[in-house]
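**Student:** Chain residues, written in single-letter form:
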Amino acid sequence: MENCLKITAAAAIIAIALSLFYHPLCAASSPPRHVDPGEIRDDLPDPLMLASIYAAVANHIARGNLSEALKELSKAGFIYLPRDLAIILEQYNKLLSQGIDRVNFSKASLEKAGKLLLRGMVVDAIRDLEKGLTEILAANISSREAHRNAEEIKRRLGADVGGASRALERIVSETYSEISAEIKRLEDLESVGLESTILTISINVSRAWVGSPVEIVGSLKTSSGDPLEGRRVMIFIGGVNISVNTEVGGYYRLEVSLPTIYIPRISVYAVYMPSKSDELRYRGAVSEELYIELLYIVPDISLSTIPDRVRPGESFVIEGVVDPPGGGVAITFLGRSYGVDLSPTGSFAAKVEVPGDVREGFYAVSVEVYPRGFIGPASASAKIYVYRDPSVIEVKIPRIVIAGLSYEVSGRAATAEGQPLDGGVRIELPWAFMSTASYGGVFRAEISTPIGEATGEKVVRIVFMPSAKIYREAEIEERIFVINPAYVAALLGFAYVTMRISVGSIAITLRNIAALLQRRGGKSSIGEGVEIQAPGDETASGRLIVSDEVVLIFYDLVEAVRRTAGIELLPHMTLREYGLEASKALGGAGQSLLRILKIYEAHLYSPRKTSPAEFKALVEEFLKSLAK
Amino acid sequence: MGISRLGIIVAPITSLLTLIVFTYIIPTNVDFDPYNTGWNGLSELANFVKAAAIDDLGETQPQSILIVVGPSKHFSSDEIRILRGFLEGGGILILMDDFGTGNEVLEGLGLRARINGSIILDPLLRYRDRHLPIAFIEGVRNLNGRTVVLNYASAIQDLDPGARILLTSSPYSCLDLDGDGSCSDRDPRGPFVVAAELPLGGGRVVIVSDPSIAINAMMSLEDNKAFIEGLIGSGTPVYVDRSHLGDTLFSLIKLTLYRVFVVLSSAEAKYSIAIILAMIIARIKVSTTSSYRTAAEAVIRRHPTWDKRVLIKLAEELEIEQR
Numbered sequence: 001m002e003n004c005l006k007i008t009a010a011a012a013i014i015a016i017a018l019s020l021f022y023h024p025l026c027a028a029s030s031p032p033r034h035v036d037p038g039e040i041r042d043d044l045p046d047p048l049m050l051a052s053i054y055a056a057v058a059n060h061i062a063r064g065n066l067s068e069a070l071k072e073l074s075k076a077g078f079i080y081l082p083r084d085l086a087i088i089l090e091q092y093n094k095l096l097s098q099g100i101d102r103v104n105f106s107k108a109s110l111e112k113a114g115k116l117l118l119r120g121m122v123v124d125a126i127r128d129l130e131k132g133l134t135e136i137l138a139a140n141i142s143s144r145e146a147h148r149n150a151e152e153i154k155r156r157l158g159a160d161v162g163g164a165s166r167a168l169e170r171i172v173s174e175t176y177s178e179i180s181a182e183i184k185r186l187e188d189l190e191s192v193g194l195e196s197t198i199l200t201i202s203i204n205v206s207r208a209w210v211g212s213p214v215e216i217v218g219s220l221k222t223s224s225g226d227p228l229e230g231r232r233v234m235i236f237i238g239g240v241n242i243s244v245n246t247e248v249g250g251y252y253r254l255e256v257s258l259p260t261i262y263i264p265r266i267s268v269y270a271v272y273m274p275s276k277s278d279e280l281r282y283r284g285a286v287s288e289e290l291y292i293e294l295l296y297i298v299p300d301i302s303l304s305t306i307p308d309r310v311r312p313g314e315s316f317v318i319e320g321v322v323d324p325p326g327g328g329v330a331i332t333f334l335g336r337s338y339g340v341d342l343s344p345t346g347s348f349a350a351k352v353e354v355p356g357d358v359r360e361g362f363y364a365v366s367v368e369v370y371p372r373g374f375i376g377p378a379s380a381s382a383k384i385y386v387y388r389d390p391s392v393i394e395v396k397i398p399r400i401v402i403a404g405l406s407y408e409v410s411g412r413a414a415t416a417e418g419q420p421l422d423g424g425v426r427i428e429l430p431w432a433f434m435s436t437a438s439y440g441g442v443f444r445a446e447i448s449t450p451i452g453e454a455t456g457e458k459v460v461r462i463v464f465m466p467s468a469k470i471y472r473e474a475e476i477e478e479r480i481f482v483i484n485p486a487y488v489a490a491l492l493g494f495a496y497v498t499m500r501i502s503v504g505s506i507a508i509t510l511r512n513i514a515a516l517l518q519r520r521g522g523k524s525s526i527g528e529g530v531e532i533q534a535p536g537d538e539t540a541s542g543r544l545i546v547s548d549e550v551v552l553i554f555y556d557l558v559e560a561v562r563r564t565a566g567i568e569l570l571p572h573m574t575l576r577e578y579g580l581e582a583s584k585a586l587g588g589a590g591q592s593l594l595r596i597l598k599i600y601e602a603h604l605y606s607p608r609k610t611s612p613a614e615f616k617a618l619v620e621e622f623l624k625s626l627a628k
Numbered sequence: 001m002g003i004s005r006l007g008i009i010v011a012p013i014t015s016l017l018t019l020i021v022f023t024y025i026i027p028t029n030v031d032f033d034p035y036n037t038g039w040n041g042l043s044e045l046a047n048f049v050k051a052a053a054i055d056d057l058g059e060t061q062p063q064s065i066l067i068v069v070g071p072s073k074h075f076s077s078d079e080i081r082i083l084r085g086f087l088e089g090g091g092i093l094i095l096m097d098d099f100g101t102g103n104e105v106l107e108g109l110g111l112r113a114r115i116n117g118s119i120i121l122d123p124l125l126r127y128r129d130r131h132l133p134i135a136f137i138e139g140v141r142n143l144n145g146r147t148v149v150l151n152y153a154s155a156i157q158d159l160d161p162g163a164r165i166l167l168t169s170s171p172y173s174c175l176d177l178d179g180d181g182s183c184s185d186r187d188p189r190g191p192f193v194v195a196a197e198l199p200l201g202g203g204r205v206v207i208v209s210d211p212s213i214a215i216n217a218m219m220s221l222e223d224n225k226a227f228i229e230g231l232i233g234s235g236t237p238v239y240v241d242r243s244h245l246g247d248t249l250f251s252l253i254k255l256t257l258y259r260v261f262v263v264l265s266s267a268e269a270k271y272s273i274a275i276i277l278a279m280i281i282a283r284i285k286v287s288t289t290s291s292y293r294t295a296a297e298a299v300i301r302r303h304p305t306w307d308k309r310v311l312i313k314l315a316e317e318l319e320i321e322q323r
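Protein chains in written order, with the numbering used here: chain E, 1 to 628; chain S, 1 to 323.
Rather than coming from a laboratory, the hints here were simulated on the basis of the structure.
Only true hints are included.
Not everything, but these chain E residues come out facing chain S in the computed CB check (under 7 angstroms):
| # | residue |
| --- | --- |
| 1 | R33 |
| 2 | H34 |
| 3 | D36 |
| 4 | P37 |
| 5 | I40 |
| 6 | D42 |
| 7 | D43 |
| 8 | P45 |
| 9 | D46 |
| 10 | M49 |
| 11 | F78 |
| 12 | Y80 |
| 13 | E428 |
| 14 | P430 |
| 15 | R461 |
So these bits of chain E aren't anywhere near chain S, every CB distance computed over 10 angstroms:
| # | residue |
| --- | --- |
| 16 | L66 |
| 17 | R156 |
| 18 | A181 |
| 19 | T305 |
| 20 | P307 |
| 21 | L342 |
| 22 | F362 |
| 23 | S379 |
| 24 | L405 |
| 25 | P420 |
| 26 | I476 |
| 27 | A489 |
| 28 | G566 |
Note that the structure is a prediction, hence the values are computed from the model and not measured.
Even glycine gets a Cβ: it sits at the ideal position worked out from N, Cα and C.
Just chain E, same shape as in the assembly (with noise of 0.2 angstroms):
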């Protein structure tokens, strides 16, 4: 038992060794999908690469698109470094966005001090550049020290990456001399001290059709009403500016046809900015802001496609009137634009090509008119269904297959009238998919049946695609059954082994009395007057297993004993009992009989055995002395 526990244990040790080392080893690699990102080395990247990305930030910068720059160099975040060199790349990118930052602020305040200069506003204009101007010095220093940055890039990664840090460099000192010279300017105006000016307007309407003249008068004052003549106002109206220059007392007028623009509404304002010698005596004004509704028609499209159902490759015609007519239309399908003219009444129709590989649905058609005059745009769209005639396919496909075998498929591709049409196939088989071609309406195909495809039915789908794209797909499905041999051999082995369990005990246990009976010629040796026939005919076989031939010996010489003193081997004795009767009855010959029993014992209890020779010579020397 204490073996049996060591070699239990041993084997649990080795199974569980066995079962963690096969684990890793299992592993598929081969083609790899992918890699462990915490397994793999840095890899430098490619310096000319990296700084071409620095490049176009430096062109951006150089361009004055500083939202641009800021945007590229947003890439630049992405690129992975080791730590070391990422630090110095982060801070160079950090310097130049802050010096990005701090050039647009500048350039902004110089925008809004242009602004506040509009409405005189010389000393907030003055603060606001300040401000700028602060900032800009900011950006000198980031600049300077993106700079070196760029420097140790390029010693360690052998990429000049500089660009940017020079262009930013030189919008630094062009914002700066912009920004001094007009600090310097608004400082002199304001010394100088200006007058304000008052600048007003009106116009003969609200509403208008668009395209009508519109008139429009006003008048520019000093803030001590004084008028201002012969000074250039400009009017802004719908985002057009147009310039007038004003009259006797300040006043001006100007009659315009309002733009041919389709919207709702539309603003009017007036604009003065100094100029020459005036910029050191007035300062600018804008007027208020007035609206004019604006006034157009916008036509009526009715449309119709004939025919209203069309195939691919075919045409159709979209015709339609426009009222009133406008200047024109664009139909629009499926990607492509035709532009049509109008008839005097307003009608128009076009033919419109359908794509060879539309598929089958409804498509709009839309149709866009142009404006013209107090005619206003307009749109609408008609809906064509594109359909396909349909096919239709037979198949000859076998209806059993044996798995590992190969069989014929074909069929016949035709249009629904019968005319044969050609085309691809493609074959959906449980297992695989093929592809086959139709040829003046015929198709054949071979397919393989895998052999360790289980026994079944199946279901296999063909399609045909029809080459004219006028006409539909069409799909059959047929059933197969597939007989696998494999499948069937090992459920008849599993039935045979079963039948063998079940029935094997009754017939071995009936060889195995049959062959006792055998061994004493077929008749018992128990019992008085009883007779049993050796049951050969119960075997299932008809073999008989012939058993110890020691035992056989024994038996007869127990018959030999029950015949000559009449003493029997009962089922309830044991051998020394027997021996102890048998001996006593059979007087000096007894004792031979123990010594043959002791014998016949350890031949069967023990592994001393005795060979039938041996033990026969010894009862037949028993047997002789037993007739003296």
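With chain E held as given, fit chain S onto it using these hints.
**Tutor:** Only chain S this time, still in chain E's reference frame:
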């Protein structure tokens, strides 16, 4: 040192049982397997989207989300039919594949889009190595402009009209068509579409040409997890397909064990085993205790005129003799 007969029998059985138990306990190492807790598994994804792993595409509910990640086995026409029905019923199919059998699904569904099969490299905007490029998110709410780290990704080509692009590689990336591991002059330059969404039937197909963005080792990088969360949303049942994953020897053994358990747990198998066990036990009992007596009784049943007592005595003698 002697070895008992019992030890010889028990030791291999113990080894076998131990192997079976450990094989069953140790997690699988199959790429993209939701039960794989290693770096290349999907256990993290499955946990955070509360996805159910399925071994049959037919197990999905209507209007749910089915994620097919890194398929390696072929799709049968029956499976394509199931996917079509799933999409027509309003389901969302998220197909994540690079070099596997994902194109069979796209072809089967009648889509024009295909996964190119070559690797996207990015010598500049990448994580640690050019094979792990950075991609930029578009068209996913609250995530636009954020980034995803790819891992041996491919590109989507021939997108169908009406497709919505969700993820693109950087302009510095290239598609390694010649397979030399670098961006040569012949290799086309990015950006390439890495993820896109297509309406189909009543549902949608989301194609992602890199399944590895979802493996455990990649989920924590950049916005990979947020991107997948953005694709899936919340409140919809999610399924992850296992039936098309590749096999390893280990996984095959596990699968075989699993199938054996499945077969054994069927009613037919249970009854068969019970009957066989009963027969074996009965046979052992007969052979060790009263097999000859039973045999004698069987003889009596066939020959009622024979003396039962004598036959039983004979059987007992035979039993003694056999011992």
